[in-house]
Amino acid sequence: MERIKVSFTLNGKPCEVMTKPYSRLLDMLRDDLRLTGTKEGCGVGECGACTVILDGKAVTACLVPAPSVEGRNVVTIEGVGKEGKLDPIQEAVLKEHALQCGFCTPGFIMSAKALLDENPFATKEEIRRAISGNLCRCTGYEQLTTAIYEAAEELRKLNKTKI
Amino acid sequence: MITYEYRRAESLEDAASVLEKYGDTARIVAGGTDIMVQIHEKDKRWENLKCLLDMTYLENELRYISEDSENVYIGPLSTHTDLENSEIIKKYLPFLGEASSTVGSPQIRNRGTIGGSIGNAFPASDPLPALVAADAVVVLYGLCGKRSILLKDLYEGKGKLALRRGEFIREFIVPKFPEGTVTGFSKLGRRKALAISRLNCAAALTFGEKGEITRARICPGCIFIVPDRVEKAEKLLIGEKPSEKLFYEAGRAVSDVMIERTGVRWSTEYKKPAVEEIVFRALAAAAGMEV
Amino acid sequence: MPLSKVGEKRFNVINNSVPRIDGVDKVTGKARYAADIYMEGMLYAGVLRSPYSSAKVVKINADKAREIEGVHAVVTCFDMPRRQSWATYMYLTDVIRYPGDCVAMAAAESKELVDEALAAIEVEYEELPGVYTIEEALAEGAPLVHEKYKNNIFTDSYYPIRKGDAEEAMKKADIVVEREYRTQYIEHSYIEPEACVCYINPNDGAMTVHSASQNPFFTRRYVADVLGVPMNRVRMIQETLGGTFGGKEEGAGLVAGRCAYLANLTKRPVKFVFSREDSFLESAKRHPFRFRYKAGLTKEGKIIAWIGEQVDNCGAYNNQTQFMNSRASIHSAGPYEIDNVKTDTYGVFTNNVHSGAMRGYSSPQIIWAQEQFIEELADACGMDELEFRRKNLLHDGALTATGWPIEHCVLREIMDYTAKETDYVRKHKEYKTQKNERKRRGIGLAVTHRGSGLGAESPDASGCMMICNEDGSVMINSGLAENGQGLKTAYAQIAAEALGVRYEDVKFFGTDTHSIPDCGMTVASRGTVMGAQSVRKTGEKLKGIMIQNALDIKAFPLEEIEKKYKLKAGSLSYDKLEVKDAELLNSEFFLKKYPEVKVPFKNVCNTCLWAGKQMAAFEWFMPEALNQDHHTGQGKAFPTFAYGCIVAEVEVDMKTGYVDVLKVTASHDVGTAINPALIKGQIYGGIVMGQGFAVTEDVITGKRGQKTKNFDSYIIPTAMDAPEMKINIFENDDPAGTYGAKSIGEPATEGVGAAIANAIFNATGRRIYENPADLETILLGHKLQ
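Protein chains in written order, with the numbering used here: chain E, 61 to 223; chain V, 2 to 292; chain U, 58 to 842.
FYI, nobody ran anything at the bench for these hints, they're computed from the structure. A couple of the hints might just be wrong.
With a straight-line Cα cutoff of 27 Å, these simulated DSS-like cross-link-like pairs (lysine-lysine) come out [unchecked claim]:
| hint | chain 1 | residue 1 | chain 2 | residue 2 |
| --- | --- | --- | --- | --- |
| 1 | U | Lys764 | V | Lys45 |
| 2 | V | Lys153 | V | Lys273 |
| 3 | U | Lys783 | E | Lys184 |
| 4 | U | Lys620 | U | Lys650 |
| 5 | V | Lys193 | V | Lys92 |
| 6 | V | Lys147 | V | Lys22 |
| 7 | E | Lys117 | V | Lys193 |
| 8 | V | Lys43 | E | Lys80 |
| 9 | V | Lys43 | U | Lys168 |
| 10 | U | Lys496 | V | Lys193 |
| 11 | U | Lys113 | V | Lys193 |
| 12 | U | Lys670 | U | Lys492 |
| 13 | U | Lys720 | E | Lys142 |
| 14 | U | Lys670 | U | Lys659 |
| 15 | E | Lys80 | U | Lys87 |
| 16 | U | Lys492 | V | Lys193 |
| 17 | U | Lys650 | U | Lys594 |
| 18 | E | Lys155 | U | Lys783 |
| 19 | U | Lys670 | U | Lys764 |
| 20 | V | Lys45 | V | Lys153 |
| 21 | E | Lys65 | V | Lys153 |
| 22 | U | Lys121 | V | Lys51 |
| 23 | U | Lys594 | U | Lys649 |
| 24 | E | Lys145 | U | Lys87 |
| 25 | U | Lys594 | U | Lys611 |
| 26 | U | Lys720 | U | Lys484 |
| 27 | E | Lys80 | V | Lys45 |
| 28 | V | Lys147 | E | Lys117 |
| 29 | U | Lys649 | U | Lys760 |
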């Protein structure tokens, strides 16, 4: 089948890809663009390992047809953190030892980022709900929840100093 | 792997003509939370899929939640997240918002749409019972024009909708409840998130001046082949004041009707007591009763 | 023995929560997993599985598949010369023994071409009768899964315990209680599905394998065997592993074996990544057990006789059942002092997916049954269940079921501490009399003991290579593998502690089978407790070498030391200095008597390189020999045991059967906490995994195939389901493990299911005889099937 062109914004920059018409966003990111930080864990939108941010919302890239991001804005784990510096969420995950095998970690960070971008005052309960579409078999979620909560505090501080 | 061509719907008319042309070999995609799963699973229904028709670029026409004095209007591209957050839904159809907030996970609610949830005829749909309980009307769009039918009449059989070739869901029109109506939704899943409903129920109660129930709507989910209100249970409530006993009677009426319609099955031993409780909880939630 | 908390021991690097060595790579998505590898000219691989659980392939025709353009290889079960792996599993087979068995495989230029090729293969099957449950397998005249094993009993996995005379003692008992318990299939549910990339290295012709393998050497064995080449022609490089929990051992070997076969056939790099469905169908599951226990008690509540039969469903192929049953039999009487024990443990073959190693290696099932049984025993003699345990628990000097005296035992202390902390006694009593018909609370407790390391199962030896570079950086290499648990971090800490350098200066890059000898498997929570013994040994050896080097090259500024310490000029002399006089700590040398003058490690390393000094060491560690009599199971089975106590608090919805796990308190004796934060991570994860085992997880399989194939129907807890968790880590003077460390990976999960089951009983008054405690079981008291 002939490839089709998809133009969109990827991690803040314009991006054009020729992809198979039946590619999922996940295939386009991994196979076409070799952005392999987005992982495939189940293919049915249950595990959340392929979570990316599409137009500001966390979505599972395995359920998004690739051509369906035409003209839209996609952020992947590769687009988190600026100028070689880790994002406060990443810093907090490290500090809290909130990762083990690491396979689900990018997905969690994307869900957390989508949440904190929208709601910097998220409570622990809201955090648990926001990451409830991401399965982790290693950590039991506890250190992750704490890490995201701490990252929110840190982000609020950073935003204050900016103003 | 199921492979297919991708088409972006340019307009409502364009969508209808693509569907008309391809018939069963085309399928609408919006959020993709059902169809993309079925494609991954190589579902037999889509063995001959030729075209995936992307509706998401018709957001201007199809993604909205609005109201007039009589009705609430919901565009089918509204996501579960949209419904959960909508002030209009909160005000007029709170149980629909609650139901939407229990769907899958944030990622699924962010992508999955009300049109898809209904259009895929998913039997354990969470928003479905609320829409049926509210006597929602679905507007269908086709090349021959629009037509409206009661949502519950859209279902023809297990997983089958009464859609004509080329037709798709254009809008949901939900009549506003009479003054003094309260609603409740209850759901039973196997975990707190990413849970497919084992059972669910939506209920709406309208109270008269003396606190008596003047109008009742009860729609259980997951138990019938086609979704339906249970009038036998609704009638029991009319003229009565809310009580645990009354609501359990309604629950039992629902389980009676379930067995009448679907017979005694291997799962009935569990479903009967559980559905009675889930109906009770939806009614109790509507009536603001502490349980 | 009194309990001691972390921090009472004195260490430099270990006992600290240093950051993970692989943390930054993982949070940025840069860490490379096997599926992330793309190579020029790479093909994709896939397999065709049987739609039947028990069948025979009558005819297979792959001609159409071979004709498809872009398809480079199609291999059917009739044209693969070595279709059986070195173990019993089949790469491809015409005898279908379970619904994951494969009849053909293909390699093609894209994933969709692989699918097209597989779909084009025509297979004619003859469906055969099969056996799916333990009862069906053992029934007279039942179809045999393997001709070799009559009655479907896997005789090699039979382990008896014979201690005292249980039959005689039972006759003398005042009270006799008999019960049966059953557990279910559990899927590991690592989030990374199996993946592998194989290619022939053009430089040396070796089949090079990048794989998600729990045990790299194990995978190498599969590949060398399937290709029929010597092991030095296969190089297995461990990629970052996305979780395993015991699951990526045989499974990884099967994936790599097929992938390497196709790479060899096509002379192209081949990538084989499992879909989640593949993973569910082919990866091993936790063994379902049927436990039958009978105990004889005195009126006063002392267990005097214990008879048990532990039968596990090993599925279609043997996957470590014999090793697992060894552990199961050693622990078959629980952490209790019982003079007369007679237990029999064995596996049976069925036409289900093979059961295998999974976190706990039989203990979650056994403890779940035993700790419920213990409460039933307490009840039978009218005793409080804590008091009953106290009366029977193992203690220093008591003999285990294998007749060996226990040392450094803190079971009772840890139980009493945890019960007190959770207000167990008051709550347990109060909850028993609840009247609420809708929601009820419950609290439950379980105690655990676990033999550390492999014990008498198999050799627990390992080696370590340690290299100091000229700039003072240090590299370590071991055959044990990072599984995500933090092994690289813990090893770097242990190396830094033993050698006397800073943690930041040590790196462990992962395992490459060309660079280090086979060190056994990274299993049985042995990585730190036993595997790291060789790291410590090598570090200590190398430290001596480096101090000698420093003396040889006269690295210490003796004049400066004399001045600083106001010593007589010339009083210090290299002639009189020996290794014991100097120290290496935090990457600095100094003379022990004059610690204020330091010499940077890197300066010494640099000079040593040009002086031709040895700056590397390799050491092998072999633990003391353990010995058990095979006919009675008596003898020393493990170097030591780790102890734990779990308390779970639940709320049960009496109308729907929904169990909400509200809080879990976990207390563990870890010996020495090498990295407390990593330990906590293990425990948090173990608790939630135990919750899934107790309440929701179940792989449904049988004649009509395996129904559970993905995470939509296999229900593991989400962040919203996880309970509040409280962790108590205790240390212990037990010297057996590396720096006194004990196992934690498996203890973290093994007692949780039992505590939850006991909490459910406390809430509902109903015992869970068949796991899990799903909605239907709670409401109806039995499974809905």
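Against the structure, the hints:
no.: 1; hint: Lys764(U) - Lys45(V); result: holds, 17 Å
no.: 2; hint: Lys153(V) - Lys273(V); result: holds, 23 Å
no.: 3; hint: Lys783(U) - Lys184(E); result: holds, 17 Å
no.: 4; hint: Lys620(U) - Lys650(U); result: holds, 14 Å
no.: 5; hint: Lys193(V) - Lys92(V); result: holds, 25 Å
no.: 6; hint: Lys147(V) - Lys22(V); result: holds, 18 Å
no.: 7; hint: Lys117(E) - Lys193(V); result: holds, 21 Å
no.: 8; hint: Lys43(V) - Lys80(E); result: holds, 18 Å
no.: 9; hint: Lys43(V) - Lys168(U); result: holds, 14 Å
no.: 10; hint: Lys496(U) - Lys193(V); result: holds, 17 Å
no.: 11; hint: Lys113(U) - Lys193(V); result: violated, 43 Å
no.: 12; hint: Lys670(U) - Lys492(U); result: violated, 78 Å
no.: 13; hint: Lys720(U) - Lys142(E); result: violated, 39 Å
no.: 14; hint: Lys670(U) - Lys659(U); result: holds, 14 Å
no.: 15; hint: Lys80(E) - Lys87(U); result: holds, 25 Å
no.: 16; hint: Lys492(U) - Lys193(V); result: holds, 26 Å
no.: 17; hint: Lys650(U) - Lys594(U); result: holds, 25 Å
no.: 18; hint: Lys155(E) - Lys783(U); result: holds, 19 Å
no.: 19; hint: Lys670(U) - Lys764(U); result: violated, 63 Å
no.: 20; hint: Lys45(V) - Lys153(V); result: holds, 26 Å
no.: 21; hint: Lys65(E) - Lys153(V); result: violated, 41 Å
no.: 22; hint: Lys121(U) - Lys51(V); result: holds, 23 Å
no.: 23; hint: Lys594(U) - Lys649(U); result: holds, 22 Å
no.: 24; hint: Lys145(E) - Lys87(U); result: holds, 14 Å
no.: 25; hint: Lys594(U) - Lys611(U); result: holds, 26 Å
no.: 26; hint: Lys720(U) - Lys484(U); result: holds, 13 Å
no.: 27; hint: Lys80(E) - Lys45(V); result: holds, 22 Å
no.: 28; hint: Lys147(V) - Lys117(E); result: violated, 33 Å
no.: 29; hint: Lys649(U) - Lys760(U); result: violated, 72 Å
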